[in-house]
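Q: Work the whole structure out from these sequences, hints included.
Protein chains in written order, with my numbering: chain A, 1 to 115; chain B, 1 to 112.
One should not assume that every hint holds.
[Unchecked claim] Stretch-level coverage of chain B by chain A, calculated; a stretch enters the list once three of its residues show a Cβ under 8 Å from a Cβ in chain A:
#1 68 to 82
#2 103 to 109
[Stated by the list, open to error] A few chain B residues that face chain A, going by a derived Cβ cut-off under 10 Å, partial list only:
#3 4
#4 6
#5 56
#6 60
#7 62
#8 86
#9 90
#10 93
#11 94
#12 100
By construction, these hints were calculated from the structure, which means they are not laboratory data. No residue lacks a Cβ here, since even glycine has one placed at the ideal position from N, Cα and C.
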Amino acid sequence: DTGVSQNPRHKITKRGQNVTFRCDPISEHNRLYWYRQTLGQGPEFLTYFQNEAQLEKSRLLSDRFSAERPKGSFSTLEIQRTEQGDSAMYLCASSFRTGGGDTQYFGPGTRLTVL
Amino acid sequence: GNSVTQMEGPVTLSEEAFLTINCTYTATGYPSLFWYVQYPGEGLQLLLKATKADDKGSNKGFEATYRKETTSFHLEKGSVQVSDSAVYFCALSHTNAGKSTFGDGTTLTVKP
Chain A
1 DTGVSQNPRH KITKRGQNVT FRCDPISEHN RLYWYRQTLG QGPEFLTYFQ
51 NEAQLEKSRL LSDRFSAERP KGSFSTLEIQ RTEQGDSAMY LCASSFRTGG
101 GDTQYFGPGT RLTVL
Chain B
1 GNSVTQMEGP VTLSEEAFLT INCTYTATGY PSLFWYVQYP GEGLQLLLKA
51 TKADDKGSNK GFEATYRKET TSFHLEKGSV QVSDSAVYFC ALSHTNAGKS
101 TFGDGTTLTV KP
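A: Rendered as structure tokens:
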């Protein structure tokens, strides 16, 4: 068990560019989540997958955001035409669905800075 | 919708002091409740959890009891250490809903 990994750890881009982040969950976990965290706030839910199916998307996830999880393994989060307001830490988490409440294991995050 | 409210920080304590960080929630049904900790420069880590009313979660000397009557899940530790300095997040989730709802975090600084 190597934990949840995210790449890149840091990304600096210019406004209007597209960026893509990758998350590799813990191997036996069937759920994968994306959150966004800004300074001084808790993580805000963006979307989650159970296996390869995207089961829920937050209203925070505008049309410029898209996430995929092909084959139910790693996931990518793409932001098109980035805006300065997209600057944040993007967190990925994974869990194995049980009957007692999901315990989510978080990756280190990708810090996005949009200039 | 669901929401989590944590006491505002930052909290500064001397080593060996008693710690309480308040957390209250609003949710339908019976969510599971969690405390996560984020040490400087690191990712979120699960500290403890409770899945039903009156359950007590505990880990590393920290405790929290799921109080449905007061919709609270306050974090306590009897004697804090400098190494406990971190940001603490209270969160809830429903088994079938998947996503977690987090509070805004409370920064704890413990001075020797």
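Q: Determine for every hint whether it applies to the structure shown.
A: Each hint tested on the structure:
no.: 1; hint: 68 to 82; result: violated (count 0)
no.: 2; hint: 103 to 109; result: holds (count 3)
no.: 3; hint: 4; result: holds (8 Å)
no.: 4; hint: 6; result: holds (8 Å)
no.: 5; hint: 56; result: violated (15 Å)
no.: 6; hint: 60; result: violated (16 Å)
no.: 7; hint: 62; result: violated (16 Å)
no.: 8; hint: 86; result: violated (14 Å)
no.: 9; hint: 90; result: holds (8 Å)
no.: 10; hint: 93; result: holds (6 Å)
no.: 11; hint: 94; result: holds (8 Å)
no.: 12; hint: 100; result: holds (6 Å)
Violated hints, in rising order: 1, 5, 6, 7, 8; the structure is consistent with all others.
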